[in-house]
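Engineer: So you can see what is in the structure, the chains are spelled out below.
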Amino acid sequence: MRRRVVITGIGTATAYGMGKDALWEGLLAGRSTIARLTAFDPSGFRSRFGSEAKEFSAKDFVPKTYRKAVKVMARDTELAVAAARLAVEDAGLVTRGTLPESGGATTYPGPRMACQIGAGLIAAETDELSMALAGSVREGEAGVGGVSMRAWGDGPEGESGMNSLPPLWLLKYLPNMLACHVTIIHGTEGPSNTITCSEASGLLSLGESTRVIERDMADLAFSGSAESKVNHMGLMRLDLAGWLAPTPDDGPASVRPYDPGATGTLVGEAGGILILEELGCAHKRGVGPYCEVAGFGAAQTVGSGPADRAWVDRSGDGLAQAIAAALRDAGTTPDRIDLIVPNGCGVPDLDAAEADALRTVFGERLARIPLLCLPTVLGQSMAGQGAVMTAAAALAIRHQTLPARVHAGTPAPGLLAGAAPSAPAPIREALVCTASLGGQNAAVVLRALP
Amino acid sequence: MSRRVVITGQGWVTPLGHDVDAVWSRLLAGDSAVGPVTRFDARAFSTNFAAEVRDFDLARALADTTPHGHAALNTRFALAAAARAWRSAGLACEPGPGFRALPDKAVDPRRMGLYLGSGEGPVDTDAYFRANLAGWKAADRSLDAGAWAEAAYRLMDPRREVEQEPNLCLTHLARAFGCRGPAFNCMTACAASTQAIGEAVEIIRRGDADAMLAGGAHTMIHPLGMTGFIRLTAMSGDRDDPTTAARPFDQTRDGFVMGEGAGVVILEDLAHAKARGAGVLAEVVGYGSSADAFRITDIQPDGRGAQAAMLHCLRQAGINPREPGPDGRPGVHYISAHGTGTKENDRIETIAVKGVFGPLAPKVPFSSVKSMLGHLIQAAGAVELITCVQAIRTGFVPPTMNLRSPDPDCDLDHVPNQARDLRAQGGVGVCLSNSFGFGGQNNTLCIRKFEG
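First to last, the sequence lines map onto chains A and B.
According to the numbering used here, the first sequence is numbered sequentially starting from 1.
According to the numbering used here, the second sequence is numbered sequentially starting from 1.
Some clues are possibly wrong.
[What the hints assert, rightly or not] Here are the simulated lysine-lysine pairs, BS3-like style, with alpha carbons at most 27 Å apart:
(1) B:Lys363 with B:Lys105
(2) B:Lys343 with A:Lys68
(3) A:Lys71 with B:Lys274
(4) B:Lys343 with A:Lys71
[Unchecked claim] With beta-carbon atoms standing in for the labels, derived distance ranges:
(5) A:Ala142 with B:Arg404: 52 to 58 Å
(6) A:Thr65 with B:Pro408: 30 to 36 Å
(7) A:Pro63 with B:Asn417: 46 to 52 Å
(8) A:Thr38 with B:Asp140: 19 to 25 Å
In short, the hints are calculated from the structure, not lab data.
Since the structure is predicted, the reported quantities are computational estimates derived from the model, not experimental observations.
All C-beta atoms in this analysis are idealised placements derived from N, C-alpha and C, irrespective of residue type, glycine included.
Can you build the whole structure from these sequences, using the hints too?
Structural biologist: Given below as structure tokens:
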């Protein structure tokens, strides 16, 4: 008998604000958070707009004793840590991270809790590194990229070269730090992983958490992803990859999925953590789950593009295969899906493959299934995407309401992704799916519980 | 009844060479791969040595390298390792010199997945440093984002930047080998490729794939990679004699030595392997995973996390670590240690092994090949699992080299300085391979000699 897995807590850190209520209100209102970037002056970049998470202090989401550690957290980690805390509160759990100082008991023992948090490459802070590198330029020495390796290597401690970087410099940027900080804060001692597959990181993590609970290696999992692309390297790399739409300096700028005139996506930043629990355990503690994680599927695209875009395959075969696997795993069929949350990010190659995959699986019925594309309101946070997409679908199921759909243009015919206000709707099963830069595809089927 | 998973192919690229049997002989001979860093001028670095991969040319491993022309070095290592694994698994490839994988009639590409613990591609240091220098305004000690971006657009090669994404290794392997099944990449630091193999095994067991290419590839032998670990004081600073700098379990150990490379295994559902007549190298019988949940910079002092990973793994394998087998030997015949050579890791890993095996702990050979290969970071686990397969195949276990002054806190059987021939004792039937990641993610695999 397969152990069933349900979502009992949602924590999100997005431009709408902290927590699932802020997310839901923003989605219902269909309010776009895309604006000119403010974290740094973007005028030198071709793409200057995006979605920035609302200001928050990670210190407010960790126990007092852990506040010092915030110093070694990159923005991506802060988003994950905040989302984790919000998810714990939403699920009504007590963990080591939320125990009152007077003590008490945690809801679950540490070894029965898992933690899978997807992440992206975290770029070192440009200011700090630039300053250190600039101090190691030596006249007449070509060095590496203009930096003297001699000067870089043997500067006095705390003063110059590598020795001016903080001792824990590297730790701040390891992708596994998202999960590691969360395991430490909340005391999860079960399996923990860090999946790094660009946009697919979040859904692949959700799939793996579900499997870990299914095979009885845990009763609960912190599952999700976080990433910020609102930094120099994040913005630059995505632009160089051909993912971003050029924007005028003063806008307007928008993400227009499946629009023949779309020229790319816009950056974003987001974190989302879902609390997954084995159904019986959730029942035992008397919580009403949002929905069941009924099915999961994954597949790899074998790219047919030229060497410099080796991952590109406009056919969408890989995504279609992942979706079919998820439907099969959920014991359902395409005609029972009431809502699709695809990546829908406005990158022409990716959109084309995605639309093709959806047509393959859903046929003519696709024209009647609403497509909720979050990048139109929250930008593209890459790894951060999956958990927030899943959160949106779970909330839609909980409220039996379709969030507003935002679109500044016109999606290709046969795709229900155009602008529409929010509306009540029966949503029994929802599909969340994405391809990725790199060709990994993942799909999750969520199902309302009776 | 859960499906049985076997290893039918293996390949690696290591600092001691690239052929499985040749490198194995060198490991048994106690060779060291450590020497001065040659990839860039590291003379002024407090750790100026590493175990570099030498004589590596992807064109010798693959007939057609054009789709991989811009691939990062770690991806190139992975492609070469996977090509060897593919060939050793008897999967279809073009005859003649130069390797090209062919669709294998016995394998459905949609049922063949990938799970790697590949690291990020090394930074294109030249362009990155120059952009940073262009952006830094010394006069007002601040970064000019516009100047930075102008230089970055001018200097950075889009084709090289994208290859730094850690999932691009999957992309290239999929392209070279036609894998269309479930695909994941994980980055749990030093535990990544062990975890990748473990999760790949679970995917096959559940029936979500029939075969998986699994393993890892990594290099951090570049200025920023070395910088990061030097700042953490995690690496040995023994500049006088690099070949003995990696001293796991030795009282004088002062950190790990950086290595690089790749290890890839072909995992298969046993029935699938049998149906296509594949040879079996070993069976994977256990996988355990845990988190320390302790501190970012320290390991649980009682080794609880490491113990949990080993215990889950042994339970899955059906082995009671405190009970001798019918032959009087412990149920595990060899443990490939995480054994980095840092003060804390080796001491606490020893405590953990004692906690798991109790009075039998001193009877289990427990050595670290990092003393010879260095620490391959994310690729370490996969390469070390292959050494376990070799131990099973040959009946020898590799030594911990440079173990001259035993540490009273590391008092197990570390197979000091000399490989051991266990054939007279009945060979090596069961191995554990430990990998513990920085930050507290722990993973252990258990493999067993395949018996029908």
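Engineer: Next step is simple, just say for each hint if it's right about the structure.
Structural biologist: Hints, verified against the model:
{"no.": "1", "hint": "B:Lys363 with B:Lys105", "result": "violated (46 Å)"}
{"no.": "2", "hint": "B:Lys343 with A:Lys68", "result": "holds (25 Å)"}
{"no.": "3", "hint": "A:Lys71 with B:Lys274", "result": "violated (54 Å)"}
{"no.": "4", "hint": "B:Lys343 with A:Lys71", "result": "holds (26 Å)"}
{"no.": "5", "hint": "A:Ala142 with B:Arg404: 52 to 58 Å", "result": "violated (42 Å)"}
{"no.": "6", "hint": "A:Thr65 with B:Pro408: 30 to 36 Å", "result": "holds (34 Å)"}
{"no.": "7", "hint": "A:Pro63 with B:Asn417: 46 to 52 Å", "result": "holds (47 Å)"}
{"no.": "8", "hint": "A:Thr38 with B:Asp140: 19 to 25 Å", "result": "holds (20 Å)"}
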